[in-house]
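Single-letter residue listing:
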Amino acid sequence: DQQVKQNSPSLSVQEGRISILNCDYTNSMFDYFLWYKKYPAEGPTFLISISSIKDKNEDGRFTVFLNKSAKHLSLHIVPSQPGDSAVYFCAARTRGNAGNMLTFGGGTRLMVKP
Amino acid sequence: DAGVTQSPTHLIKTRGQQVTLRCSPISGHKSVSWYQQVLGQGPQFIFQYYEKEERGRGNFPDRFSARQFPNYSSELNVNALLLGDSALYLCASSLGQDRNYGYTFGSGTRLTVV
Chain A
1 DQQVKQNSPS
11 LSVQEGRISI
21 LNCDYTNSMF
31 DYFLWYKKYP
41 AEGPTFLISI
51 SSIKDKNEDG
61 RFTVFLNKSA
71 KHLSLHIVPS
81 QPGDSAVYFC
91 AARTRGNAGN
101 MLTFGGGTRL
111 MVKP
Chain B
115 DAGVTQSPTH
125 LIKTRGQQVT
135 LRCSPISGHK
145 SVSWYQQVLG
155 QGPQFIFQYY
165 EKEERGRGNF
175 PDRFSARQFP
185 NYSSELNVNA
195 LLLGDSALYL
205 CASSLGQDRN
215 YGYTFGSGTR
225 LTVV
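Here the protein sequences come in this chain order: A and B. Residue numbers for the first sequence follow the working numbering, beginning at 1 and rising by one. Residue numbers for the second sequence follow the working numbering, beginning at 115 and rising by one.
Hints listed in this document are in silico derivations from the structure and should not be mistaken for laboratory results. Errors might be hidden in some of the hints.
[To be verified] Okay, the calculated beta carbon distance ranges per label pair:
#1 S179(B) - E58(A): 36 to 44 Å
#2 V78(A) - R129(B): 28 to 36 Å
#3 F183(B) - N7(A): 37 to 45 Å
#4 T119(B) - Q3(A): 29 to 37 Å
#5 S10(A) - P122(B): 24 to 32 Å
#6 N191(B) - N27(A): 26 to 34 Å
#7 E167(B) - P114(A): 45 to 53 Å
#8 N57(A) - G117(B): 20 to 28 Å
#9 G16(A) - F174(B): 37 to 45 Å
#10 N27(A) - K127(B): 29 to 37 Å
#11 E15(A) - L196(B): 25 to 33 Å
#12 N67(A) - Q131(B): 41 to 49 Å
#13 M29(A) - F183(B): 41 to 49 Å
#14 G130(B) - R61(A): 26 to 34 Å
Heads up, the beta-carbon is just placed ideally off N, CA and C, and yes, glycines get one too.
Work out the full structure, taking the sequences as your base and the hints as a guide.
Structure, rendered in structure tokens:
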């Protein structure tokens with residue numbers, strides 16, 4: 001039972017264009033969503049997050065949008081750069097969870113071509 | 115300032131053996147979580163420890179156990195290894211167990227079971 005899904009295993013984008021990575025979830029108890037970037041041989045690196053009470057959060061070239069009614073979030077990267085090439089994971093935290101358990105999607109490999 | 119440190123970086127074990135993985139959190143961080151990432155999938159939550167107590171446990175068999183020491187470092191133990199335990203094991207540390215604290219991941223231990 002995958003509670004967080006990233007349906008696109010890979011995405012290829014030209015440098016300077018917009019990259020849009022998508023994530024769907026099923027659990028209404030999730031109250032916080034995060035995006036992580038992962039390079040080979042490294043651990044995931046935090047990118048940006050959004051609370052379930054917001055619909056948009058922006059940080060430089062990165063913007064995350066949350067559509068609670070559709071249980072969908074997306075990460076926009078504008079403009080895309082070759083250094084953005086990595087695997088991107090969306091993750092969600094559960095409301096009321098005393099700990100900090102994250103549920104991750106399967107990841108999307110982004111390739112930004114020069 | 116050192117990040118999350120995991121050792122060893124790579125490990126090869128035989129089926130049926132036991133393994134211990136180690137994690138040192140960022141200085142001042144009191145919470146450590148363990149995740150398993152199988153190739154091609156997102157990380158999956160195993161354990162969370164805070165102040166030396168288990169605060170959360172994922173859907174893993176009892177062959178998996180962990181502990182946290184007074185200096186907040188942690189060990190993950192896996193007994194009776196199976197081929198399916200081959201994965202990247204990630205440790206994440208955070209200041210506390212509250213869900214609003216950010217998590218920093220280490221680079222992981224790559225375990226191969228043959």
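Each hint tested on the structure:
1. One distance hint, 36 to 44 Å for the beta-carbon pair S179(B) and E58(A), holds here, with the actual separation near 42 Å.
2. About 48 Å separates the C-beta atoms of V78(A) and R129(B), a value inconsistent with the hinted range of 28 to 36 Å.
3. For F183(B) paired with N7(A), a C-beta distance near 41 Å keeps the hint of 37 to 45 Å intact.
4. At about 30 Å, the CB distance of T119(B) to Q3(A) agrees with the hint of 29 to 37 Å.
5. In this structure the hint that S10(A) and P122(B) lie 24 to 32 Å apart at CB holds, the actual value being about 31 Å.
6. Remark: the range hint 26 to 34 Å for N191(B) to N27(A) is upheld by a beta-carbon distance near 30 Å.
7. For E167(B) paired with P114(A), a C-beta distance near 50 Å keeps the hint of 45 to 53 Å intact.
8. For N57(A) and G117(B), the hinted distance range of 20 to 28 Å is satisfied, since their beta carbons lie about 24 Å from each other.
9. A hinted range of 37 to 45 Å holds for the C-beta pair G16(A) and F174(B), which are about 44 Å apart.
10. Between N27(A) and K127(B) the beta carbon distance is about 34 Å. The supplied range of 29 to 37 Å therefore holds.
11. Between E15(A) and L196(B) the CB atoms are about 43 Å apart, so this pair departs from the stated range of 25 to 33 Å.
12. Range check, N67(A) to Q131(B): Cβ separation about 47 Å, and the 41 to 49 Å hint holds.
13. Look at M29(A) against F183(B): about 32 Å separates their beta carbons, and that is not inside 41 to 49 Å.
14. With their beta carbons about 49 Å apart, G130(B) and R61(A) fall outside the hinted range of 26 to 34 Å.
Violation of the numbered hints given earlier is confined to hints 2, 11, 13 and 14; the remaining hints are satisfied by the structure.
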